[in-house]
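Enquirer: Residue strings, one per chain:
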Amino acid sequence: MTRSWHVAALSLALLLLAGAAATAAEIDAKRLMNADKEAGNWLTYHGSYKSWHYSALADINTKNVGSLREAWSHVASRSVRGLQSYPLAADGVLYYSGSYNQVWALDGATGEVLWQYKQKLNEDLVAKQTHSPYNRGIALGYGNVYMGTLDGKLAAIDMKTGKVKWETKLVNSEKLTVGFTGAPLLVKDKVIVGAQGGEWPDRGPIFGVDANTGKQLWRFYTAGGEENNGDARNTWLNDSWRTGGGGGWMAGGYDPETNTVWWGTANPAPLYDWSGPDWKTAGARPGDNLYTTSVILLDPDTGKLKGYHQEVPHDAWDFDSATGEFIMLERGGKKYVVHPSKSGFVWVYDRNAKVQNVWRLIKNINFVQDIKPNGELVGRRDMTAGKHENLCPFIAGGMSWNMGSYNPKTGLLYKVGNEWCMDLEIVKTTPILEPMAQLNIGANFNITNPKGDKAHGHVSGRDPITGKLTWEVKFPEPPLASLLSTGGDLLFVPDPRGWLRAYDARTGKELWKHNNGQGHNGGIISYRAKGKQYIAVATGWGGLAGDDYPSFFGGVFAQMPKDSGVLKVFALP
Amino acid sequence: MADKPGPMQSGRHTPGTNDNPSTAPASPSATGPASDFDVNQLFASTCGWCHLKGGREAGKGPKLADTQLADGEIIARIRNGKPGQMPAFGSAFNDEQLKAIVGYIRGLKP
Chain C
1 MTRSWHVAAL SLALLLLAGA AATAAEIDAK RLMNADKEAG NWLTYHGSYK
51 SWHYSALADI NTKNVGSLRE AWSHVASRSV RGLQSYPLAA DGVLYYSGSY
101 NQVWALDGAT GEVLWQYKQK LNEDLVAKQT HSPYNRGIAL GYGNVYMGTL
151 DGKLAAIDMK TGKVKWETKL VNSEKLTVGF TGAPLLVKDK VIVGAQGGEW
201 PDRGPIFGVD ANTGKQLWRF YTAGGEENNG DARNTWLNDS WRTGGGGGWM
251 AGGYDPETNT VWWGTANPAP LYDWSGPDWK TAGARPGDNL YTTSVILLDP
301 DTGKLKGYHQ EVPHDAWDFD SATGEFIMLE RGGKKYVVHP SKSGFVWVYD
351 RNAKVQNVWR LIKNINFVQD IKPNGELVGR RDMTAGKHEN LCPFIAGGMS
401 WNMGSYNPKT GLLYKVGNEW CMDLEIVKTT PILEPMAQLN IGANFNITNP
451 KGDKAHGHVS GRDPITGKLT WEVKFPEPPL ASLLSTGGDL LFVPDPRGWL
501 RAYDARTGKE LWKHNNGQGH NGGIISYRAK GKQYIAVATG WGGLAGDDYP
551 SFFGGVFAQM PKDSGVLKVF ALP
Chain X
1 MADKPGPMQS GRHTPGTNDN PSTAPASPSA TGPASDFDVN QLFASTCGWC
51 HLKGGREAGK GPKLADTQLA DGEIIARIRN GKPGQMPAFG SAFNDEQLKA
101 IVGYIRGLKP
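Going down the list, the protein sequences come from chains C and X. Using the working numbering, read the first sequence as starting at 1 and increasing by one per residue. Using the working numbering, read the second sequence as starting at 1 and increasing by one per residue.
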């Protein structure tokens, strides 16, 4: 390529980008509030505040999906642990993040790179982190791309130029080892972002930051709350809240009608307590351990706790509630919030977090005998120090952090379920805080097959309120990527072996598949660019749950790269 | 839904207590001599996440029992890590503690 051609191409790209920006309205509170009405865009991590992960686009549909072809792709450099992020699309431009806090803006129709951003990181710190260096998503608004960084900052990057506008240090990652990997959520003029937690001896804060200036406005500690704001330190005896874990490592949701942020919180630390049935008075962290493994309702303007429901009081199994989306639904004149959880159960709330129903997505659950429709746990399996067999599900969860999809045309919630179990030996441990904070697990363990069955996964279409099954497709290994359903009556399922499959969303009949060459462990969206519908999916393997696949499932996973990431984009010819 | 988290405000937290977790007492195992250093506990808190059954089986990380790595190679891997696979523990452990970890690995039985 000659220099003059290169300059001309760059000028054209900037011109096109400037043109797009000139004709498109700024992404602000009002536009985000109505994101579900913009079928051609995907403006926020969950698609819209309804968190449906659904595209109304129907150009690609059950009748023509057989002709779907790869349109273009983009290789994400330095993709250690694959590509776990969720692309966003705005006015013909596609934005996505990758490992080591890189961000790209691409022409949505051609894949031409408009700009590339690489966060300046403390690489010595990143090398010390276990749940790193992946990034799971970004937020758009007010001319910025917002991203939480591995070293504890929130960064605002100019959507047009890819230059950083501001950075705000929120977490002392050098002390606590953890930072941010989850996507921020833009609510009105605030950016809400939750820190990693759970496995580490910290308190898992969630922050509210001014979207324009970067000023930190509020903080809420998920382990114990804040003085004068939901102070719950008395639910952690022996001051165990100090090293309690918690966190909010995935993007939460927002209910504009009540001006309430819903955020799922992570597990307490150590993950496995040795208290046994005496957990209210004995063990590593006696008490309910609020607000871990909970859904919390926050005022986005002040960070004030408006309410909560602790899905698993004193979680002793690492089945935290940080994983699930908050699906806003209306059914029969009633308004619901549906929240799937790592435990394998799906909680159905009213808009004030009062439990309306709880149903099972998976079969292999024995950490409790059951959870009643009112949310009460029955027959807890609280363990003491020593060996225990056949605890279900496995620590990676009955559902992982990958998102499901709700399709308003079929009325079905599509979700991946994981059928697997574990043996473990619980060991009394002491949190290690210096010179670097270390994991605080509390057990040695290994993955196992469920009794009388083989570990596997499934994707099902169910009624989101009752859990009634319409169809289910089994997979030899649990898929670990997010799902997409569309107005074309399609459900796209990116699987671990590398196949992207399209199903009839009403029947579960497979209609199309394409091998992307490596496993999927990220997001998938649909958008429109220059009048054409596209499907964009993150490919790349090596996430924490998938790390167990080579040793347990073997097969293609033994040789699958863990440092490769490619964004693949599909369209009709 | 708990509209008011009032009952929790009467908790056992003492006003004025420093709520910075970084000031909580550190484990003596992190900096103390090898004699106080419980490697079994270390595996259950940190290493066992990847090296299953205390290092007896492969998981996210390799099986450590019967490793072919020399002692120096094991120590180098603990200190330096491996990007995307193992964190670098750098100066988290002193020489005596590193020797204790190697001793634990050498002593692993199936």
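Keep in mind that the hints were calculated from the coordinates and are not lab data. In this text, a Cβ means the ideal position worked out from N, Cα and C, and glycines have one as well. Careful: at least some of the hints might be erroneous.
As the list claims (entries may be wrong) - Just the calculated beta-carbon pair ranges, DEER-fashion:
1) C:124 / X:67: 24 to 34 Å
2) C:30 / X:62: 25 to 35 Å
3) X:73 / C:558: 46 to 56 Å
4) X:70 / C:466: 55 to 65 Å
5) X:70 / C:228: 30 to 40 Å
6) C:513 / X:67: 34 to 44 Å
7) C:378 / X:70: 47 to 57 Å
8) X:95 / C:389: 37 to 47 Å
9) X:73 / C:67: 45 to 55 Å
10) C:238 / X:62: 53 to 63 Å
11) X:73 / C:390: 28 to 38 Å
12) C:370 / X:70: 28 to 38 Å
13) C:378 / X:71: 45 to 55 Å
Enquirer: Hint by hint, say whether it matches the structure.
Expert: Hint by hint, here is what the structure shows:
{"no.": "1", "hint": "C:124 / X:67: 24 to 34 Å", "in the structure": "holds, 26 Å"}
{"no.": "2", "hint": "C:30 / X:62: 25 to 35 Å", "in the structure": "violated, 53 Å"}
{"no.": "3", "hint": "X:73 / C:558: 46 to 56 Å", "in the structure": "violated, 23 Å"}
{"no.": "4", "hint": "X:70 / C:466: 55 to 65 Å", "in the structure": "holds, 59 Å"}
{"no.": "5", "hint": "X:70 / C:228: 30 to 40 Å", "in the structure": "violated, 57 Å"}
{"no.": "6", "hint": "C:513 / X:67: 34 to 44 Å", "in the structure": "holds, 40 Å"}
{"no.": "7", "hint": "C:378 / X:70: 47 to 57 Å", "in the structure": "holds, 53 Å"}
{"no.": "8", "hint": "X:95 / C:389: 37 to 47 Å", "in the structure": "holds, 38 Å"}
{"no.": "9", "hint": "X:73 / C:67: 45 to 55 Å", "in the structure": "holds, 53 Å"}
{"no.": "10", "hint": "C:238 / X:62: 53 to 63 Å", "in the structure": "violated, 37 Å"}
{"no.": "11", "hint": "X:73 / C:390: 28 to 38 Å", "in the structure": "holds, 36 Å"}
{"no.": "12", "hint": "C:370 / X:70: 28 to 38 Å", "in the structure": "violated, 52 Å"}
{"no.": "13", "hint": "C:378 / X:71: 45 to 55 Å", "in the structure": "holds, 51 Å"}
In summary, the numbered hints that this structure violates are 2, 3, 5, 10, 12.
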